[in-house]
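One letter stands for each residue in the lines below.
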Amino acid sequence: MSKRIEIKDLNVYYGNFLAVEGVSMVMEPRTVTAFIGPSGCGKSTLIRTLNRMHEVIPGARVDGEVLVDGNDLYGAGVDPVKVRREVGMVFQRPNPFPTMSIRENVLAGVKLNNTRMSKSDADDLVEKSLKGANLWKEVKDRLDKPGSGISGGQQQRLCIARAIAVQPEVILMDEPCSALDPISTLAIEDLIEELKEKYTIVIVTHNMQQASRVSDKTAFFNIAGTGMPGKLIEYNDTATIFSNPSVQATEDYVSGKFG
Amino acid sequence: MAKPASSPSSTPKVTQRAADRIFAGSARGAGITILVTLAAVTIFLLAEGAPALTADPEDIAILDGQPFLAYVTPLVFGTLWAAALALLMAFPVAVGIALFISHYAPRKIAVPLGYVLDLLAAVPSVVYGLWGGTILAPGMRPLYGWLEENLGFIPLFAGPASGTGRTIFTAALVLAVMVLPIITAVSREVFLQTPKLYEEAALALGATRFEMIRMVVLPGGRAGVISASMLGLGRALGETLAVAMVLSATGVITVNLISSVNPSTIAANVALSFPEASGLNVNALIASGLILFAITLIVNSIARWIINRRKDFSGAN
Amino acid sequence: MSQIATASTANYYASNRLPSYAVGLLLVIAFVLSWGGFSFLRPEGAEDGVNLPLVGVVTALVFGVLQYVTSLIVEGSRRAIDRTVTLLVTLAFVLAMIPLLSLLYTVVSLGAERFDYDFFNYSMRNVVGEGGGAAHAMAGTFIMTALATLISVPVGLLTSIYLVEYSAGNRLARSITFFVDVMTGIPSIVAGLFAYSLFSLILGPGTRVGIAGAAALSVLMIPIVVRSSEEMLRLVPNELREASYALGVPKWLTIVKVVLPTALAGITTGVMLAIARVMGETAPLLIAAGFSNNFNFNPFSDRMQSLPNFVYYSYVAQGSVPEAYLDRAWAGALTLILIVMALNLGARLVTNIFAPKYGR
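Protein chains in written order, with the numbering used here: chain L, 173 to 431; chain R, 14 to 330; chain F, 14 to 373.
Where hints are given, some of them may not hold.
Computed list of lysine-lysine pairs in BS3-like fashion (alpha-carbon distance at most 27 Å, straight line) [stated by the list, open to error]:
1. K312(L) with K368(L)
2. K209(R) with K317(L)
3. K283(L) with K303(L)
4. K429(L) with K403(L)
5. K309(L) with K283(L)
6. K303(L) with K317(L)
7. K312(L) with K300(L)
8. K254(L) with K317(L)
9. K370(F) with K121(R)
10. K254(L) with K303(L)
11. K291(L) with K209(R)
12. K429(L) with K254(L)
13. K209(R) with K370(F)
14. K389(L) with K180(L)
15. K283(L) with K209(R)
Computed, partial: chain L to chain F, Cβ under 8 Å [what the hints assert, rightly or not]:
16. I179
17. P230
18. N243
19. D251
20. V255
21. E299
Examples of chain R residues lying across from chain L (beta carbon under 8 Å, computed) [said to hold, decoys possible]:
22. A52
23. I75
24. R120
Just so you know, the hints here were simulated from the structure itself, not pulled from any lab data. Nothing here was measured: the structure is a model prediction, and the numbers come from that model. C-beta atoms are modelled at their ideal positions from N, C-alpha and C, and glycine is treated no differently.
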């Protein structure tokens with residue numbers, strides 16, 4: 173489990189508009205990497221290229237390579253469906269399927285490939301995934317209740333359980349805590365600490381304190397002006413970025429001068 | 014607007030209040046008119062229909078000696094049967110088209126496609142009847158012949174195949190085409206309103222387009238699609254001309270789809286018999302119209318009940 | 014760098030896919046097979062030549078099977094199912110287009126036959142067989158629809174104003190809303206029976222008269238106008254009303270000078286669509302207004318013909334020269350469709366050009 177991600181010279185386009193320009197970086201297995209930067213700098217766009225979810229928007233395309241353990245996600249003949257199976261995603265707003273129970277939600281991704289799973293195997297997987305998301309104790313008695321009937325923080329953990337049930341290599345998190353209260357946020361940050369032992373994690377966050385708390389390395393993105401492409405400005409160990417950044421813009425951002 | 018306290022005329026304020034009251038009163042009155050109208054409809058129909066139920070069947074020529082119930086039962090059967098067949102044929106196609114427009118067609122042609130389908134809805138029923146009777150019915154004849162030859166052992170296709178093609182199945186087919194745009198339009202809206210959030214959740218798990226639709230779009234849209242179908246059903250039940258112009262009716266209860274012996278529907282029967290009817294015959298026909306009204310009332314109430322149950326979950330307001 | 018190590022192994026994320034030309038190729042193969050099948054294995058007693066619609070159906074079926082099987086083998090069952098569903102959904106759309114195109118083609122080609130000056134200027138008075146026209150029917154439709162609109166729009170608009178501006182959801186409003194819902198479900202023929210009963214009472218039994226037809230149409234039109242106007246009025250932002258009140262404008266004047274003009278485009282569209290809908294109604298007019306061959310401009314006495322009714326009777330009671338009656342029926346159908354389409358298009362134009370764009 174858990175793979176190394178290498179981005180090589182990636183340009184992301186929406187139609188003819190260049191949204192993100194020339195990104196190159198390496199993310200080692202079992203680390204947490206944070207993408208930070210002001211609104212509109214392209215960090216959400218970039219994270220979505222890591223599981224080809226940006227293609228959901230018509231006209232979106234990329235130039236360059238994204239290598240996961242050496243395999244180019246954008247190589248010839250690659251099936252986006254397969255990519256998304258291996259690279260899981262958790263969204264900004266918790267989105268458990270409202271018409272499914274908690275149990276069905278956890279199994280949703282798994283059922284796509286193994287339509288026939290014995291009940292005991294399924295139960296084991298549900299328990300294992302919910303434990304992995306630190307949600308088991310809270311919901312183990314109401315697995316058959318609707319997935320939307322729990323609190324926001326619990327819903328987000330359910331989404332995480334759903335994502336890890338398919339045993340991905342990488343987990344992408346696009347501002348997973350921005351819709352949650354501080355206590356749920358803390359719960360998720362603790363969870364990320366545990367998850368990084370098994371998965372490579374990339375997290376986009378607006379909250380710099382969060383980035384400094386949970387990530388091993390941080391990437392700072394910035395945008396020169398509206399209509400200009402976003403760029404990777406500095407990428408380094410989190411401690412370095414926050415205490416001793418090399419680029420002035422990074423220093424300005426982390427000390428709150430803009431953004 | 015402030016007038017000095019010593020001004021003798023404070024009438025403008027009073028006039029405006031009067032104008033306000035008149036206006037509000039007329040608005041309210043209009044609303045009450047609607048209630049009165051509906052009450053009038055029910056009362057008049059009951060009043061005119063009742064004599065047919067109380068009179069001696071012998072006096073009502075149109076009944077041909079049978080009691081009223083025996084006269085109206087095949088009509089009720091025909092109405093329900095034709096509408097059910099129409100819905101059975103229209104529903105899957107309508108859902109398919111709605112999905113096509115909401116999730117499969119390229120965006121640039123999806124909107125014009127919607128317009129084209131609304132064209133189907135705008136065609137008056139008499140034109141459908143004309144087309145059904147002169148084009149569709151003869152076109153279905155070879156099919157009926159083939160069905161009788163090859164599947165004649167099934168009671169549905171027992172035959173003998175109609176020479177003109179004007180069977181209840183043809184009528185149901187025309188009804189299906191008429192009801193299709195109604196179901197499609199509502200279903201399309203429902204599918205388009207599926208929150209992108211859940212669609213992306215499914216795709217991010219590695220679902221194919223159909224799997225995403227199966228997991229998110231269809232379950233979410235189920236209530237809307239069902240109520241759309243019930244509205245379509247209501248329309249099919251009340252449709253007069255399409256059936257009257259397409260069907261050659263004998264007034265017998267039968268499930269044979271392809272013969273020239275067909276049950277008629279209440280609405281078509283009224284349309285065909287009314288011009289020549291007089292006296293108690295008119296009352297009998299009105300009574301049958303009342304029954305039709307009751308049936309459509311029940312169907313539409315169910316549809317509305319389903320919508321209202323769902324309303325609590327939508328963000329409407 | 015790590016490229017070298019994996020150059021010899023296939024990309025982990027690649028999976029077998031059908032090449033892009035596969036779909037087209039399979040379609041061609043399916044068509045050839047079904048055409049060939051029909052040409053050579055002619056069933057007994059079938060006519061010469063190939064039955065094109067049947068070939069189309071068989072082609073679709075064969076293609077579906079071929080696509081599913083090849084996809085199953087190359088890509089796996091999930092993709093195979095996905096492709097099949099895409100096919101089904103596209104077929105559904107094609108299926109719906111067939112009756113529409115057939116209908117439009119028939120109406121235009123057959124209706125053109127009598128789409129002439131006589132048709133628009135003469136009635137059927139003293140006409141047996143050829144000749145004559147539908148002018149009396151068009152006049153009747155115009156008169157009855159205009160009367161119905163005259164009745165329905167004030168009542169409907171005022172009711173919707175009451176519901177939106179005055180009622181605040183009280184009991185009366187809730188019953189009105191409920192019953193308007195009920196009214197939308199009245200079968201048109203029942204509306205006709207009601208109008209007939211009403212006027213039989215007033216003017217004597219067996220009366221069929223233009224105003225009765227207008228009354229029947231009103232019963233059908235009012236709920237449509239109420240619903241659409243209500244929706245349009247609700248769309249007007251409350252801020253506009255409050256701004257007006259803050260200037261000291263009384264409520265009724267606010268409604269007349271601020272709310273209604275803002276909602277006017279939408280209300281007009283709704284009314285136009287309602288007119289288009291009732292113009293095509295035959296059943297209620299058949300019952301309430303009767304049948305006539307002559308011009309009648311007085312809605313209060315005597316039967317009045319309407320265009321949809323004209324089409325109906327021309328078809329159902331074909332006289333000595335059936336061709337002539339059918340030709341007139343189709344010409345009437347064509348006229349009806351043109352009017353209804355024009356109203357629909359006009360309604361859409363009104364919305365697109367005049368409706369205020371509310372920011373969301």
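**Non-conforming hints, listed in increasing numerical order** = Violated: hints 8, 11, 12, 16, 17, 21, 22 and 23.
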